[in-house]
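Residue numbers (the working numbering), protein chains in the order written: chain E, 1 to 569; chain H, 1 to 406.
Each statement offered as a hint is correct.
Calculated lysine-lysine pairs in the BS3-like style (CA-CA distance at most 27 Å, straight line): (1) H:K103 x H:K121; (2) E:K426 x H:K299; (3) H:K299 x E:K425.
Quick caveat, the hints were computed from the structure, so don't treat them as lab data.
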Amino acid sequence: MMNSLFKLFRRTILAGTASVFWTWLAFAAAPSAPIPGHFVDATEKLGIPFRQQASPTSKKYLLEAMGSGVALFDYDNDGRLDIFFSNGARIDDPTPKDSMPKKDGPKYWNRLYHQKSDGTFEDVTEHAGLVGLGYSTGVAVGDFDNDGFEDLYVAGYGRGTLYHNNGDGTFTDVTAAAGVAGSGWMTSAAWVDYDNDGRLDLVVARYMKWDFDDIFCGRPEKGGYRSYCHPDLFKPESVLLFHNDGAGKFTEVSHQAGIDKPGKGLGLAIADYDHDGFMDILLANDSMPEYLFHNRGNGTFEEVGLPSGAGLDSNGNTFAGMGVDFEDYNNDGWPDIVITDLANQRYALYTNLKDGTFDYSTTVTGLSAISLLHSGWGVRFFDYDNDGWKDLLIVQSHVIDTIEMYDPNVRYREPPVLLRNEGGKKFADVSAASGDVFHENWAARGLAIGDINNDGKLDAVVISNDGPAWVLLNQTDTQNHWITLNLVGVKSNRDAIGAQVRINTAPGDQYATVTTSSSYQSSSDKRLHFGLGPADVIREIEIRWPSGIRQILKDQKADRSVNITEPLK
Amino acid sequence: MDQRRHFGVRNKVRNQLLCGGLLVLLSLLPLAQISPPTSTMSLLQHAAQAMTAGKYPLAERDLQAVLQAAPDDYRALDLLGVVRVLQHRDLEAEKLFRHAVQKKADFAPSHAHLGLLYFQKGRTNDAVPELREALRINAARTDASSALVQILREQSKQASAAGDSAGSLTLLREARDYAPDNPDVQFEFGSTALQLSLWGDAIAAFQQTLKLRQNDPVALYSLGRAFLGEWKFEEARQQFARYIEERPDDASGHCALGMTLAALENTQEAREQFKRSISLAPEQVESYFRLGLIDLNMKDLDDAATNFRHVLDRDAKHAAALSGLGRVAFEQRQYSDAIDLLQRAIATDDSLREAHYYLGLALARVGRREESDSQLQISTRLEHDEAQQRRTVLRVQDGRAGDDQN
Numbered sequence: 001m002m003n004s005l006f007k008l009f010r011r012t013i014l015a016g017t018a019s020v021f022w023t024w025l026a027f028a029a030a031p032s033a034p035i036p037g038h039f040v041d042a043t044e045k046l047g048i049p050f051r052q053q054a055s056p057t058s059k060k061y062l063l064e065a066m067g068s069g070v071a072l073f074d075y076d077n078d079g080r081l082d083i084f085f086s087n088g089a090r091i092d093d094p095t096p097k098d099s100m101p102k103k104d105g106p107k108y109w110n111r112l113y114h115q116k117s118d119g120t121f122e123d124v125t126e127h128a129g130l131v132g133l134g135y136s137t138g139v140a141v142g143d144f145d146n147d148g149f150e151d152l153y154v155a156g157y158g159r160g161t162l163y164h165n166n167g168d169g170t171f172t173d174v175t176a177a178a179g180v181a182g183s184g185w186m187t188s189a190a191w192v193d194y195d196n197d198g199r200l201d202l203v204v205a206r207y208m209k210w211d212f213d214d215i216f217c218g219r220p221e222k223g224g225y226r227s228y229c230h231p232d233l234f235k236p237e238s239v240l241l242f243h244n245d246g247a248g249k250f251t252e253v254s255h256q257a258g259i260d261k262p263g264k265g266l267g268l269a270i271a272d273y274d275h276d277g278f279m280d281i282l283l284a285n286d287s288m289p290e291y292l293f294h295n296r297g298n299g300t301f302e303e304v305g306l307p308s309g310a311g312l313d314s315n316g317n318t319f320a321g322m323g324v325d326f327e328d329y330n331n332d333g334w335p336d337i338v339i340t341d342l343a344n345q346r347y348a349l350y351t352n353l354k355d356g357t358f359d360y361s362t363t364v365t366g367l368s369a370i371s372l373l374h375s376g377w378g379v380r381f382f383d384y385d386n387d388g389w390k391d392l393l394i395v396q397s398h399v400i401d402t403i404e405m406y407d408p409n410v411r412y413r414e415p416p417v418l419l420r421n422e423g424g425k426k427f428a429d430v431s432a433a434s435g436d437v438f439h440e441n442w443a444a445r446g447l448a449i450g451d452i453n454n455d456g457k458l459d460a461v462v463i464s465n466d467g468p469a470w471v472l473l474n475q476t477d478t479q480n481h482w483i484t485l486n487l488v489g490v491k492s493n494r495d496a497i498g499a500q501v502r503i504n505t506a507p508g509d510q511y512a513t514v515t516t517s518s519s520y521q522s523s524s525d526k527r528l529h530f531g532l533g534p535a536d537v538i539r540e541i542e543i544r545w546p547s548g549i550r551q552i553l554k555d556q557k558a559d560r561s562v563n564i565t566e567p568l569k
Numbered sequence: 001m002d003q004r005r006h007f008g009v010r011n012k013v014r015n016q017l018l019c020g021g022l023l024v025l026l027s028l029l030p031l032a033q034i035s036p037p038t039s040t041m042s043l044l045q046h047a048a049q050a051m052t053a054g055k056y057p058l059a060e061r062d063l064q065a066v067l068q069a070a071p072d073d074y075r076a077l078d079l080l081g082v083v084r085v086l087q088h089r090d091l092e093a094e095k096l097f098r099h100a101v102q103k104k105a106d107f108a109p110s111h112a113h114l115g116l117l118y119f120q121k122g123r124t125n126d127a128v129p130e131l132r133e134a135l136r137i138n139a140a141r142t143d144a145s146s147a148l149v150q151i152l153r154e155q156s157k158q159a160s161a162a163g164d165s166a167g168s169l170t171l172l173r174e175a176r177d178y179a180p181d182n183p184d185v186q187f188e189f190g191s192t193a194l195q196l197s198l199w200g201d202a203i204a205a206f207q208q209t210l211k212l213r214q215n216d217p218v219a220l221y222s223l224g225r226a227f228l229g230e231w232k233f234e235e236a237r238q239q240f241a242r243y244i245e246e247r248p249d250d251a252s253g254h255c256a257l258g259m260t261l262a263a264l265e266n267t268q269e270a271r272e273q274f275k276r277s278i279s280l281a282p283e284q285v286e287s288y289f290r291l292g293l294i295d296l297n298m299k300d301l302d303d304a305a306t307n308f309r310h311v312l313d314r315d316a317k318h319a320a321a322l323s324g325l326g327r328v329a330f331e332q333r334q335y336s337d338a339i340d341l342l343q344r345a346i347a348t349d350d351s352l353r354e355a356h357y358y359l360g361l362a363l364a365r366v367g368r369r370e371e372s373d374s375q376l377q378i379s380t381r382l383e384h385d386e387a388q389q390r391r392t393v394l395r396v397q398d399g400r401a402g403d404d405q406n
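Okay, chain H solo, but in the shape it has when bound (with noise of 0.2 Å):
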């Protein structure tokens, strides 16, 4: 943490604790009202009166008198614990706290205060299960919510960072239990489930960021991603064709769109958006890709190969347009050119399946039978690693062994 945000979140935690005190005194005047008033309750009500006004030894001077008549009192002990900190005096403030909860252990103030001590010196692993504890007494304490779902985020991102995707999900979604209505959190969220392939997870999310912030372009654009990952093309479609009317002259937003479009097989509209992302972005690859498939898919073979080559002109490298023009070839019965542009497609990335299948394909039609079975084999192995990949995923989605469905 830097030094900057550390003095903000010194500040706000001071603030934070200040709010504490006055929930305390809130919590404490109903029974103020009910119950005839004792010595103890006055001298409370007026420490909180002096704390929320900043008259700090005024406030302690009430404390202390009930701490004399009553050591153990846990109420005195917290709000004595708050004017430490906002004195500056944090590890007396510590002690204070800790005495507290050892005298009433489920006393949410004081765990929320402790916790939101340790928050503010650093000390997030010794703040969290304070924090946790006071949520768990009272779950609607903002001032704990807030800053653990700060400290959630903040180690979700340390383990994204690390490239423990799955972790940072996990922190994330406890942040979300604590703070559902809070948009940035639904919205990382989705990102880190998008990323895992949790589909569902990432939909529920970006759904919710979006009910929670409307027509946030970056939220659409996600959950587009999200419907598309999980084979819902119509809805797909819907979300982006609503973040291009956010983002009209964003050409990633008229690619995607086309994408959706092409899966749902209105070739004649995807088109339209490929070349639109195109005049925004000449010098993309992926929509001159995509409108190659089409042609590709419609035997429109010298309309395939030239955008093909536009990709190769861009990238000489990209394979799956390396691919795309082996399939014109072979399509043309060039098997020669065929075999040779699949070999370069898989020498670029020999996971690209469709790559294997059709050199398996020339090869057969050259009379290299041996060869081909070989090329048909990875293809139809990669493909069953695919589909148990997605159905690993759907597993991790639902907790237990589940959606082997068609």
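For reference, chain E alone in the conformation it holds in the complex (with noise of 0.2 Å):
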């Protein structure tokens, strides 16, 4: 029944492709005029004092240059995004090789800031009960007990943390009791139902196998520094998968599920990338294949990078893969990957093929010229201006701090970048007219998306390894139309974390599907975002829901944010 269901949503999105042919031809002919953006730096007027602490050390441990995450979630259902930001701890210099580092001082806390209703944000992370524990770094949002409030699960080097969210401005640890602690060096953690069963389960990406041991990498005799060791040093580890059981419980079935191929993993993302009704998990490995773990829906998985091309470059390289996006960029209906690595090594685009498999197309969309000299960590697909293209916003910095001493053409600290997708087909490069922030160095790491400021257009907040955070205010000059979905699943999860929606207005359909996770280490806001150019109706809007209901909507009016609940069947 369900894959049925699956067949005519594929049969539904070909066909409304072949009906909206002709104006999207007519739209194509005409492409409006590019729009910079303008995000303007309102981290201060806001009231956003966060710094993050790696604790660099003359050790160079490889965890102090990894950085944390971000995320934008709504915490107390007062319709305004809240930012969580996780945060490091003491590292001391030297460490003892089997040392945990502690926050221990209120500098190293993780932060919740809420959101005012005059916009502006106040620390509650201690009311909140979310001050940490140990080295954090990823974050991820997601209601695992379908209470109607976000929970978090913060990962962390040695240990994760499961919050549940009380629904009263406080949350508890409940790490032991769900068995959810993890291991080793977690990094980017994801909220995904695998099985519909209508929980979320979750998946941990873990980096490799890493200690506090002494090890010298770098080029003494060029001036004495050490730098940071290359991750073919280290041993690769797998991703932990918890399955949620239900009442608070959840078991680690990683070997049962086929997903313990170890890799060296730091970006997650998830999406239905063959329209099989199952969610799929990208994960970005650091210098190895990166992994696409197809879901067989059975419960288990089958990883299938290498041969769905969606695992080295054209070339048949490697690179360093560190932030990911699923989502369809050029708006076909099947969801797209990006991933960030380091400089020289060009961020990756695969476009999905529509048979499983993927075309590198980093080089024939301009992202190759744009990317050959920068290092990302975070990305995201969203659509800046609304003209119902999903543009890329890229922060970045090399990992290495030493790195121009090696290379003079790179650099460690990077202005973000902000690329605008022309018609599906190609990115270009706005940053240099979309405000000043762009123009600033910075060592980021974290980012994630979400209409902060509820103005129908997407902010950004970004994270930086061992300084500040910044809350990038979406002001771009824009009559373009939007809409906001946010869905709510009664027979499946209740984030609907999995749902894909199409939208089809005047000028064609768009496609896009409910996750928090992707970027780098971070989470963004749950609620579907889509600018639909100058459309000020929708006239279809189609939900397939994880549960395998299919809803359809019709006429929606523009500029709003629109509260979807799953209907019973």
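Put the two chains together into one complex, using the hints given.
As structure tokens, then:
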């Protein structure tokens, strides 16, 4: 039954594509003039004094280079997005081999900033009980118990922490009872209902087998400096998959699910790339092939990164996969992949060929020339100008703080980059004209996207390594229309993570998947935002819920946020 | 060493010995000025003046007079040795120099003269330690450094011819230490470092060559190659651009410039350089191949195929072009053709990682999963080996385990 529904969905996509073919042609023939973005740094004004503490040492422990993450979510259901930052911990110089860093002071605390009604933020960390433990890395938002309040999983070095949202502005650490502490160096995490049982399961990427062993890497004869070691020196580590058994209990099923292939995972993203109705998982690996875990639909996965064409670059080279997103950039209904990496590797863009395989499209879309000398971490497809095409925001920095001594053409601190999607064919770098923030050099790591001020334009929050965070408000000058969809699952998981949505407007179709997890160690607003271009009405919204239920809404007005609850059938 | 070169060396060495004699004289003069003249000093001065004037019997008379009074006077022994060399009485000269160094081990001129004498006789193994000792005592002795550098360069060539590039580089490194301002030595060092993929060392050497010999086209080209090896494409581009300013009609220069421009994603200018290169040397394959790669990456598949076929028309076993054509077929979803072409590429060159990778993908597309996995594994292993090789090279370059950064 479920499979036939998905086939129907696929046919709908194909039919939809055909029916709008002529309108697409008209749209393509008269593209709107390029609109640069206008992003303003509102961090100070909004009251976000956060600074990430990496605890850099003379020993150059790799942990201190990899940064932390950020989450944009509405923890108190007041309709305004709040911000959570994960943070590092104290690392001694030197640190004994088997040590676990501790948050032994407020500067190391993770932080929760609550958005007040006037749009400014207040630090509610202590009250919320989110101070944290150890060296925190990634963060994933998901309502694992379907109680209507967003919960948090905070990954870290040595252990992760699951915080249950009590619904009263406080959280409770339920890690032990849930059995999701994990182990090793955990990086990104993702909530996904991989078996469509209505409960969110948890995937946690792990980087590699690493400890505070004092390994010298660098060039001692050239000024005596040392550097961070290449991941090739360390053994890979598999992701962890925790099945949500209900009643607050999880079971680690990585091996049974066949997802325990050792990797060097940094970024995680989810999408149903083959339209079989089950969410697949993309793991961005550092300096080894990227992993695409195809969900077989029977509780197990098959890793198909290499044969699918999404494992390597066009020359068959590995690259340092860090941030990732898994969305449909060319509006053909099939999720595509973008992965950030280091300078001289070029950000990888894989276009979904609709048959379970991908085409490396970095060069032909212009991303190659744009990214040649840049190193990217957090990345997200988002439509900053509401023209109906998902653009790219990428936050950048090399991993090695001394890289300029090795390669004078590469910079450690770099500005973020805003890439405008030109009709699903090319990306154009519009950073230079998109605000002062695109001229500032940051050691950025995590990135989350969401409409912070509910003005219909997607904003961003960036966290740097051993430095400040930035709230970037989108003030792009555009009259383009938009709509935000907040899906509420009933039979499906309440967050509707995994729900796939097609909207049809006069210019054509667009597609998106509900997810909080992508980018780098970060979690974005789960609400789906669509730019509509000149269309002020959405002719049709089609939702395929994870439960298999298909829902269609007709003639929806634009420029508003709409709550959509899953129908009973 | 052939006879002409041998005689050349002999004459040069004799001249150097004469100059060396003058050096001794000059080194004595200040002493004579600050000390009251002694009969020994006067005699030595007279002898040196006579030698400079070519009056060897007169010089010998004075020196014998000194030695009669002081048979172990190392200065007289050394100068008499020089006279003997100039008289072609080499065996006696050797004894006199040996006697001198026996009496005063830190007397640089005698070590130098002994080394030069050995060099002249073709006894380079004996010459090297004497010349090194002379330079250890007095690094400013150009007669010794010049001869030692000549020997080291010759030995380096022999080592290189025998396939011992690392040994060759070691010899040139020493030669470079003795003659840092010799552009030929710098260039040879750079070239050997380039062969060993020691990009940093090669770059430093070629840069030094160009300081000493501005706009030397060969050094510019080599420096560009070294920068390419280190993935410093912009720097490489600058060198190749300077190279084609010097040699505008050199097809290889335009091709190399095109390669760097392509690496810098400046595909339009890269195309122009490749086309210019082809117009200068239409029979070549490299520029056609590079054009094919650009077309392939830009998904201009028909143009890519045309360019790869141009290559194959000239060289039917060009593995990379076969692989490129295989990739075109793969992109066109003509998997059977792709498999055939990629297998042919691998049959020609089984280390072609990209061919294994696309063969793996093509086999996966037609459902031959096991064969696909095997090819993809080979591709991954080859890449890993390449990375290890790069890292090993960098370790050699650094002299210790290092450069393990991303």
